[in-house]
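Residue numbers (UniProt numbering), protein chains in the order written: chain A, 1 to 320; chain B, 1 to 320; chain C, 1 to 320; chain D, 1 to 320.
Bear in mind the hints are in silico, worked out from the structure with no lab data behind them.
Remember, predicted model here, so these are calculated numbers, not experimental data.
Hints are supplied without guarantee of correctness; some may be wrong.
[Said to hold, decoys possible] Keeping only pairs whose Cα atoms sit at most 20 Å apart, straight-line, the calculated EDC-like set for lysine to aspartate or glutamate is:
#	chain 1	residue 1	chain 2	residue 2
1	C	Lys217	A	Glu232
2	A	Lys205	A	Glu173
3	B	Lys217	A	Glu252
4	A	Lys73	A	Glu43
5	B	Lys242	C	Glu268
6	D	Lys117	D	Asp47
4 protein chains.
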Amino acid sequence: MHARNIKSIIQADLAAISDISEEAVNSVAEELQINQKYYDYREMLNDPSIEAVVICSSTNTHAQIIKEAASAKKHIFCEKPIALTIEEVNDALNSINISGIKFFLGFNRRFDPTFSKMKEEIKSGKIGTPHLAIITSRDPAPPSLDYVKSSGGLFLDMTIHDFDMARFMLNDEPYEIYVSASSLVDPAIGKAGDVDTAAIVITMKSGARVIINNSRKAVYGYDQRVEIFGSEGMIMNQNMPKDFAFLSNPYETQLSNPVYFFIERYKEAYIHEIETFISCVMQDEIPPVGGEDGKISLLMGYAAQKSLTENRPVKFSEVI
Amino acid sequence: MHARNIKSIIQADLAAISDISEEAVNSVAEELQINQKYYDYREMLNDPSIEAVVICSSTNTHAQIIKEAASAKKHIFCEKPIALTIEEVNDALNSINISGIKFFLGFNRRFDPTFSKMKEEIKSGKIGTPHLAIITSRDPAPPSLDYVKSSGGLFLDMTIHDFDMARFMLNDEPYEIYVSASSLVDPAIGKAGDVDTAAIVITMKSGARVIINNSRKAVYGYDQRVEIFGSEGMIMNQNMPKDFAFLSNPYETQLSNPVYFFIERYKEAYIHEIETFISCVMQDEIPPVGGEDGKISLLMGYAAQKSLTENRPVKFSEVI
Amino acid sequence: MHARNIKSIIQADLAAISDISEEAVNSVAEELQINQKYYDYREMLNDPSIEAVVICSSTNTHAQIIKEAASAKKHIFCEKPIALTIEEVNDALNSINISGIKFFLGFNRRFDPTFSKMKEEIKSGKIGTPHLAIITSRDPAPPSLDYVKSSGGLFLDMTIHDFDMARFMLNDEPYEIYVSASSLVDPAIGKAGDVDTAAIVITMKSGARVIINNSRKAVYGYDQRVEIFGSEGMIMNQNMPKDFAFLSNPYETQLSNPVYFFIERYKEAYIHEIETFISCVMQDEIPPVGGEDGKISLLMGYAAQKSLTENRPVKFSEVI
Amino acid sequence: MHARNIKSIIQADLAAISDISEEAVNSVAEELQINQKYYDYREMLNDPSIEAVVICSSTNTHAQIIKEAASAKKHIFCEKPIALTIEEVNDALNSINISGIKFFLGFNRRFDPTFSKMKEEIKSGKIGTPHLAIITSRDPAPPSLDYVKSSGGLFLDMTIHDFDMARFMLNDEPYEIYVSASSLVDPAIGKAGDVDTAAIVITMKSGARVIINNSRKAVYGYDQRVEIFGSEGMIMNQNMPKDFAFLSNPYETQLSNPVYFFIERYKEAYIHEIETFISCVMQDEIPPVGGEDGKISLLMGYAAQKSLTENRPVKFSEVI
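Here chain A stands alone, though its shape is the one from the complex (with noise of 0.2 Å):
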């Protein structure tokens, strides 16, 4: 997808693409036309003409990538997490300060027509000071269990999202963290240690207090709303329908269900978040979204866990 999208830029060239499988690599390489490929990586790092990367492999390899990457002097689109680890991600962060390339994490989210627009509104004042945010995020399916044992679990998987539009919607920091969850979609999600429905209230710096819902299963589609309130006003946004038709019977009104997944609904964003890379490095400016973004994620999901395992509010300090 990433290079399929990059291939539609015009201000950008696709010079490269890099896989340990083979086969993915030729395929790709095939249907969009590239004409260099590598199956390791290195090599491609070593070819002075490319200038940025995009790192899309699986997560426990993103860290030692970004060093290699960042001592290559590329700079680097990466997607979300850096790491599992706190101490991967600073390494990660440390290599990429040294080096002073432009690093760019993929919170894909920050980059949606819907969302960019309301924070546009909030950050203009439309609704003043916030004071309350709600944050619905529920996939359609949960993954399968041998995805949930090496995703890092629920919070670092899929609320790290919702704890980066927190951040990003109220332009303020977490002072606190309460979670209550458990696994209440597939009992077999609890078996291997994790949960799939959860409760989370975050009391902000600002005193601002978020709350986040979260289930692996929601049955009519991939739910994904932003409700900020605050002193002079609301902000919030409906999900994207499949379509925008509508059928009355002498029953009811019917309206299609939101679209079914991440692919879908932000499509738009995944363009949006690489044009926006690729425009950072051209124009030589700072990322929107980079690795402290990432760590403060991490971090307020560490603090999410360990709010759930001792069942008590836990101050972000205490895992700083």
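Chains B, C and D: place on chain A using the hints.
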């Protein structure tokens, strides 16, 4: 309002009214053509032709009047809350039990057409097993500081409706309550010892999580939304708008805001609750909402207050 | 309904009721505690204590009662239409003019909160100059064939409200009318000489075009929508739903259909029109909707009928 | 746009492009990495490796290119309309019939996800027998006067899509057409001999009535709504908003207006239509929309123009 509603119900006969304000009694009696007037409720309780009474005096008088009305064998409709202390509530409930009269507590929202339909849909299994409930309850403007001081605080005055709504919708009981709250709307409310903005998580006995958010001031009007998310679906409501027009200009499409406050919003609910009370009396049926509901919602308010004070989740069993 | 509404208005005194059915008179008088009852309206017109009358008898009696009430110097509120023939209407209007009493015609939709707000927005220039109006007016179920036969036909019985709405919203008069209509709902309506489905285009004097569509049977409920499109914007309304809940299941999101029929839909409008009438009488003001409005809408019905018969656009001037 | 869309379809190979503007050819060829470029379409038609062509030149060249492409045995996708005179259309269709190639006419709206879903719902009987159709089609801003003069007029340029939509949705053919129209948006359009605001009623052969309303200028954006009302229900669509945020301030709740124009609105439709064309060529299937559809919609435009000129309903049979 209650007098006017009773007057409009053919099955009932509005026999008499009583108030300590002679002026209020006289003006209402004239407007509604009520023959019998009392300036002391005790006299009215002596009237053998009266079968049932509606208590809508100030909160601090409820328990005493309930006890006397119960002794006089009058069926009782009483505005919430029964009292602000659990001792008084127990006292009142005791006298009701002894006399054997019917007691109906005015949790009006249960009788709103939208909320009662939602309850029916949930009960009939349309959304499967409830996992999450999001209750949004925001007043259009804070009450006077005098009112704040005598109201029992946000949780007993305002959130009590949401506590009842959670139990009503989920047919479930609270296990643990966590509150994060402060005064963001008006510091004077904070100085008066109360809060005006709250985020609350209730872990129910079934494992379902209820999230309540409250504010004393929503500039766009009375915000009353309930969303119940379950294993097989989700049901929620939109606010009732002032009107159904919408205007598109070159900049945006404008809709009407919600109706201003409870009088307009729960107009039909107030009629339905009295109709239901009258029907219970006439058909000799147990009221669908009574003393126990009043007691539990009060205790939930206590637990909320305790959680706020001690900054920790409080088990419901701690306040019984 | 009118009696109950008048009863609820403090400024008015419901002095007496009259009907040819003794039973109806007695039951309403008892329910609403009205002291004075008449079984012949002529006797009521002789009562000097009565200032104004509300005529809601069957259509064929309106003109005669108006004439007698006008002679008796009673102000008149009359249900639409004044009569089914223009001669009778002229006669009735004549008697009103001679007596100098106030005459208010019950075009209830003008007093609906949504439609009256739309009128105000248009009047204040919010949508610029109106270019197009789309009026959708569909009943939930066709009336009895007996009613159809005595109703004066679709245009005088049902579309007459839409004709009035067009003039009201646009503050404009008809220039030419074209109708395409037939009986698609029920062939029996066709056999009875009427139509049940109609598409109407009115070219207004300003050049604005009004499009009306009617059906006697909308299975999803009473469909009452008006859309006015102008040089600077557009204003329209949605139907009033039965409730504000919506349910998402794996297949779709379900909303409530519109309320079933005019009694629920125009509940508030019926109260506002009587309030306005009473206020006109008390403040000595000219009613906002009167005899001339009744006459023009009737003539528009004639033009519509003529267009249908002759299959051509008919100028309004042809029917005056 | 079409070139970019074809490029994104894996099954197709964008072999070459041609345009009379060398500059346009060169820039597109470079952007999309197309090897073969032509500045004269005739040369391209000689290329034996090309199986199919997409004609999106100016309207007055369509018929000629179709004839030549058909002779060269290339399958054809052609933008609507085929031509502005029925003689040219017949000529073009004739050459298509002789050569036996596949001809696909670009009535893009049929391939919009919302409209194609509505068609399926109607076809499957969800709304019973269609009785009424209301088609609203308004552009955000009038085209240049030069365009107006060469466009064939409102009915052939803009309403032609609505004519096709009526046939598509109802699976029905026109019997009689009535038009009331004038230039309310800009008198210069009137001076150029065209209209910019129209109300049209089409009586279909089944008896269903179709109402179309058009304006060249909707200040709030591209307004594209279709409503089909039937014996068992109603189906309609809402416009596609620019985003899904809504903001409530003390005065109103603000939603996003519709997307500005056809490029955004029918983005997916443009991709689907080309995909369908390619699939028809590859699977040897008859295109779902072809020459006959182009011819009938053109004739409907003629009938509309005749109705406007003669101020009377015109039977479709009069223009065949």
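Verify the proposed pairing of Lys205 (chain A) with Glu173 (chain A), using a straight-line Cα cut of 20 Å.
-> holds (6 Å)
Are the Cα atoms of Lys217 (chain C) and Glu232 (chain A) separated by 20 Å or less?
-> violated (45 Å)
Is the Cα-Cα distance between Lys217 (chain B) and Glu252 (chain A) 20 Å or less?
-> violated (34 Å)
Does the alpha-carbon distance linking Lys242 (chain B) and Glu268 (chain C) stay inside the 20 Å limit?
-> holds (12 Å)
Hey, Lys73 (chain A) versus Glu43 (chain A), does the alpha-carbon distance stay inside 20 Å?
-> holds (14 Å)
When you check the alpha-carbon spacing of Lys117 (chain D) and Asp47 (chain D), does it fall within 20 Å?
-> Given pair Lys117 (chain D), Asp47 (chain D) is violated - Cα atoms ~39 Å apart, limit 20 Å.
Hints 1, 3, 6 from the earlier list are contradicted by this structure; the remaining hints agree with it.
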